Structure formats: structure tokens, C-alpha cells
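Top to bottom, those sequences are chains A and B.
The numbering used here applies: residue 268 is where the first sequence begins, and numbers increase by one.
The numbering used here applies: residue 27 is where the second sequence begins, and numbers increase by one.
Read the hints as simulated data drawn from the structure, not as lab findings.
Here the structure is a predicted model, which means the values were calculated and not measured.
The reader is advised that the hints may include incorrect statements.
To be verified - Derived lysine to any residue pairs resembling SDA-like cross-links, with alpha carbons at most 25 Å apart:
1) B:K102 x A:A405
2) B:K63 x B:A45
3) B:K102 x B:R260
4) B:K102 x B:Q73
5) B:K102 x A:D399
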Amino acid sequence: MSGPVAVARRLGRIVSDGVWRFGFAARFLVMLLAHSGQSLMRLHLTVREIYFSGVLSLLIIVVSGLFVGMVLGLQGYETLQRFGSGDALGVLVALSLVRELGPVVAGLLFASRAGSAVTAEIGLMKATEQLDAMDMMAVNPIARVVAPRFWGGVISMPLLAAIFSAMGVLGGWLIGVVFIGVDEGAFWSQMQAAVDFREDVVNGVIKSVVFGVAVSLIAVFEGYDCTPTAEGVSRAITRTIVSSALAILALDFVLTSFMFRGVS
Amino acid sequence: MARFIGVGSLLVSVAVGEAPVALRDVRFAYGEREILKGVDLSVQRGQVVAILGGSGCGKTTLLRLIGGHLRAGSGKVEVSGHDMAVLRRGELYELRRRMGMLFQFGALFTDLTVFENVAFPLREHTDLPPELVHDLVLMKLHAVGLRGAEHLRTAELSGGMARRVALARTVALDPMLILYDEPFAGLDPISLGVIGQLIRRLNDALGASSIVVTHDVHESMAIVDYIYFVSDGRIVAEGTPEQIRASEDPFVCQFVNARADGPVPFHYPAPPYAESLFGRGAA
Ligand SMILES: Nc1ncnc2c1ncn2[C@@H]1O[C@H](COP(=O)(O)OP(=O)(O)OP(=O)(O)O)[C@@H](O)[C@H]1O
Ligand SMILES: [Mg+2]
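Excised from the complex, chain A in its bound form:
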């Protein structure tokens, strides 16, 4: 086979595989939504997943939030100081966290801590025929296994992002006020005055909800769609983390460009 033909053929294959997978994912999403009733009616199923995805991610979220806030405090003060506006440190820390770093970094951490676990769990259930066995018992695995994990992730993610931002502000305060000695009153009052509820907080929450949907969908889809072998599961986990990270960053750009056009 000649070189260019082989290349074209492989390229075509990659594209058609991609389109096929995308279509499959869309169908999967429709089925997932259609079978979500049970995870809302039998709430304990979803609550259990909120525990596994959300509560067990708390530690990494809290610690990372604190450190990111502390770094923001150091870097921000250093820069603001040059313009003689060290008092505005609170504004800088809060805005960066609420608008950007909270949703994005929490989303990335969530994908690697909870998303990968969900993919592994569903993938292993598939590899060991547990999903087939469930299906054979006339219990729909999408309703019983996939949907609760999806909704558990969708609910956990905004809460985790909020906690991340709150811890970050605390970290900024710790560095700025306690260690560097920025005026405490200025730190808080400027933050309160500058952070707009609608423009900043709500937009940040919208981002974290969108990231939560994206990461949860990728995680359950990769698990459900994986090749049912040990190798297949491990590749699915990798794909979950990589695709989630790319999805978060791409969506973040799109959302930001819509949200903060008029402001600035």
C-alpha cells in the first residue's frame, strides 16, 4: 500500500471513529436523562454517590484551595505592591478564585479524584459482567448504576468549587492579613464592594455546574463504553482524566468569552 493512501485511510478511520463515538455518546446522554427518574426517586442511590464523589474529595479540595489562595496572596501582594495598592489584595484573591480558579482547578481535581474512580468502578463492573447480570435481572444498569453516579457528580461539583473558593479566600487572608500585614478592614471591605453577586458569583457557579456535567458525563461514559478488560479499564481512566481536563479548559474559554464580555 502506498504511503499517502495509507495515511488518508488512517485519517478517515480516525475521523469516522470519532464521529461514531460522538453519536454514541449523544445517544448515551439521552438514555441517561430518560432513565434519571429512579436516581431522583430513590434518593439514597444518589446520596451514596454524592458521598463517594463529593465528600471523599473534600480533603484534596480543601488543602488545594488553601494552598492556591496562599500563593495568590503572595503573588498578588507582590504585584499590587508595585502600584501601591496592596489593600486591594482581597479583591484580587476573591475575583480570581470565584471567577476562574475555583471552578477550573476544582474541576480538574474533581476529574482526577472522583471522575477516574467512577470510570474505574463502572468499567470494572462491566468487565466482570456485573452490568450484564443486572440487565439480566431486568434492572437497567443505566438507571441503577450510571445515572446516580452522574447526578452525584453534577451535584457535588458546584459545592466542591464553592468550598475551594472559600478555602482559597481564607488562604489569601492568611498570607495577606496575618503574615504580610495588609489592613484587615480594607481586605474584606474592598472584597465585598468589588465582588458582584450576579457578574462574579453566579457566573462562577454556572461554570462549575457546566464543568460538573461535563466531567460526570465523560466519567460515566468512558466507564460504560470501555473495553471490558483490565487494560481497557485502565485506558478508559486515562481518557477520562485527559478528556475532562481538555473539556474543562475549552468550556472555560467559551463560557468566559460569553460571560465577561461587557465587564473589564
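Take the given structure of chain A and dock chain B with the ligands to it, following the hints.
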């Protein structure tokens, strides 16, 4: 309302005596590789039927076709008079509620305990009070000799124990059609005899029908009503245990006497051995 009609028609079809399972000229291929090349078999109500055949001959595939996990490429798979090819998901689930399938590797839910595994179908499909679920589960576990293991996690079970738990879960809802994929694999001779008898007794007590896929000729001869031999994607011999014992069919003789030479191929299809070993060097 629709659901009631569904259940009603199922009950009717069972009552009027449709064969619980009937396969006619069923063909199936995984991609290019043809696994089943025209299988005919039927199971009557109250029967325990064995499907025997070499490893990789398509026995699990056959059960998956009957369970509705796979669709036949051509031919007809009928379960209680329902053509599996045209069943919609809701109807399929309605049918499966009255079916049990023991998977070849157990397929226990690894995040649940032994007790919770057996309780799972009861909890999903009935509104029984917890005490009743508890009693039913213990009865099923007692039948497979594992009442004492109810609190164990699935990771703490041996292979044979896991299979027996899976068996208890399979019959938790007292199904009308029970499919067993290798129920005897990994069992010691004592459990093997007990499980064999259990399969027979359960079938008779429930008035159900069972299909047992196995390699174990002698154990199955002791408990089943009818035997099918599968080889190379076809039914190559069939009969009651007496007929099988008396059979002169070279195939049956080979299987019953466990000889490596004969019509049953021990090897997965492959080019000649010498060619694989020396082919490249010679070329
Ligand atoms: N998912 C699959 N994709 C492709 N080929 C498959 C698949 N599952 C099974 N096969 C092939 O189909 C054939 C029949 O498989 P099956 O599992 O039905 O065998 P079996 O009779 O149950 O064997 P055993 O007694 O070892 O369990 C095998 O040769 C196998 O290679
Ligand atoms: Mg098999």
C-alpha cells in the same frame, strides 16, 4: 395498565403450554467468525436440559441468545412463545423478571455483601418488608450451604463459594426459566452433588424449566431429562440420558469417555502445528 397486560399475556402464554425455549435454525457470528451455524433445540416445561460441548464451542453464546443479550443473526429464538428478535426493552425486562441466569464467572456485585447480593433482585422488584427479605435471603443461602457467610464481602469468597452465592441470587425470585452457565465449575465433589440435586429439586418445586451448560457429563446425566451435544456451531447429538449412554455415536462416545481424539476438536481452529512452528523457517 400496559404493564398489567404485559404480565397477563406472559402468564397466559406459560399456561397454554408454549415451549419455554425454542430455537430454530439459529445462526450467530461475532463479526466474521461464525459461532453458531444453525442450532435447533427446545426445552419443555418442567424439564432440565443439559447443553454439553467443548470449551469455546458457543455454549455461553447460546445462553446469551436465549437471555436476549445477543440477537441471532438469523433463525428464531423463542422464549415462552415470544420472539426475542422483536421484543422491545420493556417487554424483554418483563420476560426477564421470570428468568434467572447464573453467569459463568458469577458476576456478583463486588460492592455488596453476600446477603445484599442475594437480596438485590428482591429489593429491586418487590416491596417486601425487610424481615421477609431477610428470611427469603437466608433460605436461599441455606439451600446452597452458605447461610453462615451472609456477612462476608464478595472478595472474601472462594471461587466455588462465589458461584454458589450467585446461584442463590439467580433463583431469588423463583424464576420460571433458569439458565445455568457452568454451575459445577470449581466445586468439590460433595458440593457438586449437592448443587446438582439442588438444581433438580428447585426446578421441580417451582415447576420451572432449566438449561444447564456444563462440561460435566456424569453429573449432568444424573439430574437432567435431556441432553444436547454442541460442536462446531451445531447440535451433533441429543437424547435422554439413557439414549446417550446407549449411544454408539462416535461423538457422544468421545465426550462421555473423555478421549482427546475423536470428532470433537480439542484445538481452537489453527493452521497445522508443524506449519506454525516451522513455517517461517521453511519459507
Ligand atoms: N465478545 C466476543 N467477541 C468475539 N468473539 C467472542 C466473544 N465472546 C466469545 N467469542 C468467541 O466465541 C466462541 C464461543 O464463545 P463462548 O463463550 O460461547 O464459548 P463456551 O462454549 O461458553 O466456552 P467455555 O466452555 O470455555 O465457557 C469462542 O471461540 C470465542 O472465541
Ligand atoms: Mg462459556
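Against the structure, the hints:
This hinted pair checks out: K102 (chain B) and A405 (chain A) have alpha carbons roughly 22 Å apart, not beyond 25 Å. Pair hint K63 (chain B) plus A45 (chain B) holds up; C-alpha atoms about 22 Å apart against a cutoff of 25 Å. Among the hinted pairs, K102 (chain B) with R260 (chain B) is consistent with the structure: their alpha-carbon atoms are about 15 Å apart, no more than 25 Å. As the CA atoms of K102 (chain B) and Q73 (chain B) are separated by approximately 21 Å, the hinted pair is consistent with the 25 Å bound.
Among the hinted pairs, K102 (chain B) with D399 (chain A) is consistent with the structure: their alpha-carbon atoms are about 22 Å apart, no more than 25 Å.
Against the hints set out earlier in the document, no violation occurs for any number.
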